[in-house]
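Engineer: Relying on the hints, combine the two individually framed chains into one complex.
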Amino acid sequence: MIYFLCMVLFAIGLYGVLRKRNLIKIIIGLIIIEYATHLLFILVGYRKGGRSPILAPDQEILKIVDPLPQALILTAIVIGLAVTALIVAIAMRVYDRYGTFDITKIRRLKG
Amino acid sequence: MLELYILLSFMIIGAVIALEIKDMISSVIAVGAVGLGVSIAFLILKAPDLAITQLVVEILILIILIRLTLKRDLPFSTSGRWLLNTVVTFIFIAVFLGVAYFAIKDLPEFGSPILRVAGTYIAEGLKKTGAANLVASVILDFRAYDTLGEATVLFTAVIGVITIMRKIGRKKIDEVVNEEDE
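Residue numbers (this note's numbering), protein chains in the order written: chain A, 3 to 113; chain B, 187 to 368.
Keep in mind that the hints were calculated from the coordinates and are not lab data.
Don't take every hint at face value.
What the hints assert, rightly or not - With a Cα cut of at most 35 Å, we get these calculated DSBU-like pairs of lysine-lysine:
id, chain 1, residue 1, chain 2, residue 2
1, A, Lys50, B, Lys291
2, A, Lys22, A, Lys107
3, B, Lys353, A, Lys22
4, A, Lys65, B, Lys314
5, B, Lys291, A, Lys22
6, A, Lys50, A, Lys65
7, A, Lys107, B, Lys291
8, A, Lys65, B, Lys313
9, B, Lys208, A, Lys22
10, A, Lys107, B, Lys208
11, B, Lys208, B, Lys353
12, B, Lys313, A, Lys50
13, A, Lys65, B, Lys208
14, B, Lys314, A, Lys50
Same shape as in the complex, but just chain B (with noise of 0.2 Å):
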């Protein structure tokens, strides 16, 4: 598993990096990589379904994200109260690291989850859908109202990114300054 940690701490090295650094392609581009990082883990981890979705989720979010650096504009101001801020934040997250690692000893060892529910799935998974594919048999045979909500999610969200980004509605610029005025 020695693989796994160096990809985790490239992945933590490149989350660190799209944060810190102050150029926005390089961080978006750092992003990429990171998400590539957890395509690969993935297929270490035996999800090659995951590995192929994510693979190709991590290029639509690039190009996305690109979108939005090419309105440039840079702030990067420390006044306020810059020290309180920090240190608020550094604490919270210490305390969440803290709750993070005494509530990971009750997850199962890893490498020996609990198949509780999986146990059934995999023995009469073929039997009971005939999908060779045991992802495919459950995300579509044994939980698809699961899948039935998440299009819904997916159709909701689409209508939204339509209605925000339509020119159709949208009071002119000059019209708003007028309302300003008054």
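Just chain A, same shape as in the assembly (with noise of 0.2 Å):
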């Protein structure tokens, strides 16, 4: 049940890619489809009455949280930061070409 509410955000901002027309929104969109990538992964990796995944020195640990996806993605939050201010300047260059955000309005590319 909860997968699926995570795939309800995924489904907002499939929703705003598709339907949008600002580049913004659309930006917007591929962000939060990012957010409930990510935290599906980490909804998979828990563990009920689990422990973060770091070991202390005069204790015995018996349940731990799954730690492969939590260090997958600690990668892809980085990337994503680096994707998104990709896209932002892509975003800027077109707006200084074309002067609109519109998506409809953006027909020619040029170079």
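Structural biologist: As structure tokens, then:
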């Protein structure tokens, strides 16, 4: 059920990407999709009653949440930031060239 | 797990507001609310490293997006094939959610992961790498090539941003107009 709520968040982002005409809204939709994906991975790795994956010296720890998705998503978050910065840079250049963020008015690609 | 449901509902509402509101600054702030909700969800799900990273990244994304909204232009037109586009989009999303509903049944039950690979990391992580933080031992030792690839992607993106944003080598506006005249 909680996975499905995560998928609903993904679908909202998908709606923004597919339906909106403003480039800023499309970028926001992409960011929301990214968040939903990260959250889904961490939800899959969660263990009921588990502890965070940090060991303590004089303490026997029995249940630890899965550290593997956390490590992978840690890199994915940083890559997401870089990709968002790249998209925003491209959007700003598009605005400089065409004077609008409306994707229906951006018809021709020229160098 | 009630708090997770509340948090996810908050994030869904925030996402809808971010996409539907007309004022761009409000929209960006709503995205910030969603991102900070993700950060709190990571804390609840026992991933403190991710919560810290998400917090920093969220604030940076907010700054970048606010820089973008300084160029104000608010297209809101419902001309063209508005009805057809909306209907097609909603059909696609309904199909997506239907497939997702059947796909998530194959995932392990919430709260009991499989731990086939991670069991080894948990059992031998401290002995093999000497790192008390298992996440750090995975990204910097067991899967260090992954992190190297990530750094490559990161620097490629930074080079791309610099190349796109620089002023040198860009044509002047009047030159472009001359080209169009020809």
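Engineer: Now tell me if each hint is right for this structure.
Structural biologist: Verification of the supplied hints:
no.	hint	in the structure
1	A:Lys50 <-> B:Lys291	holds (18 Å)
2	A:Lys22 <-> A:Lys107	holds (13 Å)
3	B:Lys353 <-> A:Lys22	holds (30 Å)
4	A:Lys65 <-> B:Lys314	holds (20 Å)
5	B:Lys291 <-> A:Lys22	holds (31 Å)
6	A:Lys50 <-> A:Lys65	holds (9 Å)
7	A:Lys107 <-> B:Lys291	violated (43 Å)
8	A:Lys65 <-> B:Lys313	holds (18 Å)
9	B:Lys208 <-> A:Lys22	holds (12 Å)
10	A:Lys107 <-> B:Lys208	holds (19 Å)
11	B:Lys208 <-> B:Lys353	holds (32 Å)
12	B:Lys313 <-> A:Lys50	holds (26 Å)
13	A:Lys65 <-> B:Lys208	violated (47 Å)
14	B:Lys314 <-> A:Lys50	holds (27 Å)
Of the numbered hints stated above, those contradicted by the structure are hints 7 and 13, listed in ascending order.
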